[in-house]
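Visitor: Could you put together the complete structure from these sequences and hints?
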Amino acid sequence: GAVVSQHPSRVICKSGTSVKIECRSLDFQATTMFWYRQFPKQSLMLMATSNEGSKATYEQGVEKDKFLINHASLTLSTLTVTSAHPEDSSFYICSARGGGGANTGELFFGEGSRLTVL
Amino acid sequence: GNSVTQMEGPVTLSEEAFLTINCTYTATGYPSLFWYVQYPGEGLQLLLKATKADDKGSNKGFEATYRKETTSFHLEKGSVQVSDSAVYFCALSDQGNTPLVFGKGTRLSVIA
Numbered sequence: 001g002a003v004v005s006q007h008p009s010r011v012i013c014k015s016g017t018s019v020k021i022e023c024r025s026l027d028f029q030a031t032t033m034f035w036y037r038q039f040p041k042q043s044l045m046l047m048a049t050s051n052e053g054s055k056a057t058y059e060q061g062v063e064k065d066k067f068l069i070n071h072a073s074l075t076l077s078t079l080t081v082t083s084a085h086p087e088d089s090s091f092y093i094c095s096a097r098g099g100g101g102a103n104t105g106e107l108f109f110g111e112g113s114r115l116t117v118l
Numbered sequence: 001g002n003s004v005t006q007m008e009g010p011v012t013l014s015e016e017a018f019l020t021i022n023c024t025y026t027a028t029g030y031p032s033l034f035w036y037v038q039y040p041g042e043g044l045q046l047l048l049k050a051t052k053a054d055d056k057g058s059n060k061g062f063e064a065t066y067r068k069e070t071t072s073f074h075l076e077k078g079s080v081q082v083s084d085s086a087v088y089f090c091a092l093s094d095q096g097n098t099p100l101v102f103g104k105g106t107r108l109s110v111i112a
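Protein chains in written order, with this note's numbering: chain A, 1 to 118; chain B, 1 to 112.
No wet-lab data here; the hints were simulated from the structure.
In this text, a Cβ means the ideal position worked out from N, Cα and C, and glycines have one as well.
Keep in mind that the hints are not guaranteed to be accurate.
What the hints assert, rightly or not - Pair by pair, the computed Cβ-Cβ distance ranges are:
1) A/K66 - B/R107: 28 to 34 Å
2) B/S3 - A/R10: 30 to 36 Å
3) B/S79 - A/S54: 34 to 40 Å
4) B/G41 - A/L74: 36 to 42 Å
5) A/T17 - B/T28: 41 to 47 Å
6) A/G61 - B/S79: 40 to 46 Å
7) B/S14 - A/Q29: 20 to 26 Å
8) A/S89 - B/S109: 42 to 48 Å
9) A/P8 - B/E15: 32 to 38 Å
10) B/Y39 - A/S73: 28 to 34 Å
11) A/S83 - B/S3: 29 to 35 Å
12) A/E22 - B/E69: 43 to 49 Å
Guide: Structure below.
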C-alpha cells in the first residue's frame, strides 16, 4: 500500500515555542492530506483538510492561527503548532489518499507525532 | 450527516477467545467501510475494508461483512492472540476526496 511518513515521531518543547510536524507521501502524490488529533481517550478528531497549493480547510473549533497548515507540494504537508501550551500536548496524525485508495476511499496514515509541551 | 458507532471498550479477552466488536453506521448513499488498528504508540493501519454491500473484508484472521440491511460492519476473529491487543477503529468514507468518519475506537486487551 501507499506510504505516508511523519516526522518527528516525538517532540518535547517548552511552552510558548512553535513546533513543526512534517507529513510526506513517499510513493504517491497527494493533493489532499488530512490532519487528525488523537486525545487521551483515543478518539480521533479531524482538525483540517490540507489542499496542495491552497489554504487548508479547518474544522469548527480548530484555531487556524494556532495550527498552521502548509501544503506546498504534492508530497509534503506541514502542521505548525504555534506558541504551544501544555493543553496542545497530544498525538497528531496525518493521512492521505493515494493510488487505489483514491478509488475505495481508503486513507493511509502516518506513524503519528507525539507532542509534549512542558 | 455520516456517523459511525462502535461498541465501547475496553474489551478484555483471554487468548484464543472469540472476538466481536460491533460497528454500525449512518450514511447517505453507499459508503466504503473500514477497520483500522492502532498498536500502542503507533499510527493507524488499515486492517480490512469493504466497498459494497455483502462484501467481506478479511486480514490476519479478522473478518467483517458489509451488511446494508442492518447498516453494520462488525469485526470478528475466531481466536485472538496477545499480539492483537490494540485499539480498533471502524470508519466509513463517502465517494470523493473526503476525510474518513471514525468511530470512537475500542481498546482490546488479550491476556495469556
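Visitor: Give a verdict on every hint.
Guide: Verification of the hints:
no. : hint                       : in the structure
1   : A/K66 - B/R107: 28 to 34 Å : 29 Å, holds
2   : B/S3 - A/R10: 30 to 36 Å   : 32 Å, holds
3   : B/S79 - A/S54: 34 to 40 Å  : 49 Å, violated
4   : B/G41 - A/L74: 36 to 42 Å  : 29 Å, violated
5   : A/T17 - B/T28: 41 to 47 Å  : 44 Å, holds
6   : A/G61 - B/S79: 40 to 46 Å  : 42 Å, holds
7   : B/S14 - A/Q29: 20 to 26 Å  : 46 Å, violated
8   : A/S89 - B/S109: 42 to 48 Å : 25 Å, violated
9   : A/P8 - B/E15: 32 to 38 Å   : 35 Å, holds
10  : B/Y39 - A/S73: 28 to 34 Å  : 30 Å, holds
11  : A/S83 - B/S3: 29 to 35 Å   : 34 Å, holds
12  : A/E22 - B/E69: 43 to 49 Å  : 44 Å, holds
Going through the hint list in order, the structure does not satisfy hints 3, 4, 7 and 8.
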